[in-house]
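Those protein sequence lines, which keep their order, are chains A and B.
So the first sequence is residues 100 to 211, counted in our numbering.
So the second sequence is residues 282 to 392, counted in our numbering.
Please note: incorrect hints may appear among the correct ones.
Claimed, not checked - Calculated from the model, a selection of chain B residues having no Cβ within reach of chain A, i.e. all distances over 10 Å:
no.	residue
1	C294
2	G297
3	S323
4	L373
Claimed, not checked - Once the Cα atoms are required to be at most 27 Å apart in a straight line, the calculated DSSO-like pairs of lysine-lysine come out as:
no.	chain 1	residue 1	chain 2	residue 2
5	B	K288	B	K346
6	A	K155	A	K167
7	B	K346	A	K208
8	A	K104	A	K155
9	B	K346	A	K170
As the list claims (entries may be wrong) - Label pairs and their calculated CB-CB ranges:
no.	chain 1	residue 1	chain 2	residue 2	range
10	A	K167	B	S365	26 to 36 Å
11	A	A211	B	Q332	24 to 34 Å
12	A	M128	B	T301	21 to 31 Å
13	B	Q295	A	G115	43 to 53 Å
14	B	S365	A	I152	39 to 49 Å
15	B	K346	A	T196	15 to 25 Å
16	A	F129	B	Q319	21 to 31 Å
17	A	S109	B	T325	33 to 43 Å
18	A	L110	B	G321	34 to 44 Å
19	B	I293	A	S151	42 to 52 Å
20	A	V177	B	S340	33 to 43 Å
21	A	K170	B	G333	16 to 26 Å
22	B	T325	A	M128	39 to 49 Å
Keep in mind the hints are simulated off the structure, nothing from the lab.
All C-beta atoms, glycine included, are put in the ideal place defined by N, C-alpha and C.
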Amino acid sequence: DQQVKQNSPSLSVQEGRISILNCDYTNSMFDYFLWYKKYPAEGPTFLISISSIKDKNEDGRFTVFLNKSAKHLSLHIVPSQPGDSAVYFCPRPTSGTYKYIFGTGTRLKVLA
Amino acid sequence: SAVISQKPSRDICQRGTSLTIQCQVDSQVTMMFWYRQQPGQSLTLIATANQGSEATYESGFVIDKFPISRPNLTFSTLTVSNMSPEDSSIYLCSVGSREQYFGPGTRLTVL
């Protein structure tokens, strides 16, 4: 089973506060995890990744956390900015390939 | 990273016609993918187009409906054939492996 679940379809956060986006996965055989964001009328943009041997990766305002025992991935954005308003995806590759399965995403709205 | 362009950016087509979408990359890449995003839906992979081999299609997509060409390592085309309103979508190409880079998309409306 290679489903990706983003259980929150939308999230609203005040500018300057922390945004936390979550993904749950069922297959433990992946060696990396990724986050993409997508603005309307644009293609998805790679944001940040994490190796399965790590539990945290940080890049500026963006930090990804991996909890392997819970099969849970989260993206923290702090401080959130209005320009972060987008749809965020945690796509998963099908086994042994680079073909990605995208879930429904989480629409983040950062309020000024 | 790679810079990807797509043509056309959008089009409105009549039922029964075909449209060819172009994807151009600024560097040579081995793997290229075509996705579709139907209104209100997430991205769905149509096919993988690797240079020098036939495109491989995902379940629910067939070559007769979505023929793909990959003549070199920087270019690919996807044709949407015999279009119906259900084909109205955004079509995107992507390149890369673990980290993929997407084109801006082609917004297709079929009347």
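Now for the hints, and whether the structure bears them out:
1. C294: 19 Å, holds
2. G297: G297 of chain B clear of chain A: closest Cβ-Cβ about 27 Å, beyond 10 Å.
3. S323: For S323 of chain B, whose nearest Cβ neighbour in chain A is about 5 Å away, the distance does not exceed 10 Å, so it is violated.
4. L373: Not fine: 5 Å to the nearest Cβ puts L373 of chain B too close to chain A.
5. B:K288 x B:K346: 19 Å, holds
6. A:K155 x A:K167: Cα-Cα ~11 Å, so holds.
7. B:K346 x A:K208: Violated, at about 37 Å.
8. A:K104 x A:K155: 20 Å, holds
9. B:K346 x A:K170: Judged against 27 Å, a Cα distance of about 38 Å means the pair is violated.
10. A:K167 x B:S365: 26 to 36 Å: 44 Å, violated
11. A:A211 x B:Q332: 24 to 34 Å: 46 Å, violated
12. A:M128 x B:T301: 21 to 31 Å: At 38 Å between Cβs, range violated.
13. B:Q295 x A:G115: 43 to 53 Å: With Cβ atoms ~50 Å apart, the hint holds.
14. B:S365 x A:I152: 39 to 49 Å: 47 Å, holds
15. B:K346 x A:T196: 15 to 25 Å: Since K346 of chain B and T196 of chain A have Cβ atoms about 22 Å apart, the given range 15 to 25 Å holds.
16. A:F129 x B:Q319: 21 to 31 Å: Between F129 of chain A and Q319 of chain B, where Cβ atoms are some 26 Å apart, the hint holds.
17. A:S109 x B:T325: 33 to 43 Å: Since the Cβ atoms of S109 of chain A and T325 of chain B sit about 21 Å apart, the hinted range of 33 to 43 Å is violated.
18. A:L110 x B:G321: 34 to 44 Å: 18 Å, violated
19. B:I293 x A:S151: 42 to 52 Å: For S151 of chain A against I293 of chain B, whose Cβ atoms are near 45 Å apart, the range 42 to 52 Å holds.
20. A:V177 x B:S340: 33 to 43 Å: With Cβ atoms ~40 Å apart, the hint holds.
21. A:K170 x B:G333: 16 to 26 Å: This hint is violated: roughly 38 Å between Cβ atoms.
22. B:T325 x A:M128: 39 to 49 Å: Violated - the Cβ-Cβ distance for T325 of chain B and M128 of chain A, about 22 Å, lies outside 39 to 49 Å.
This entry does not satisfy hints 3, 4, 7, 9, 10, 11, 12, 17, 18, 21 and 22, going by the numbered hints stated previously.
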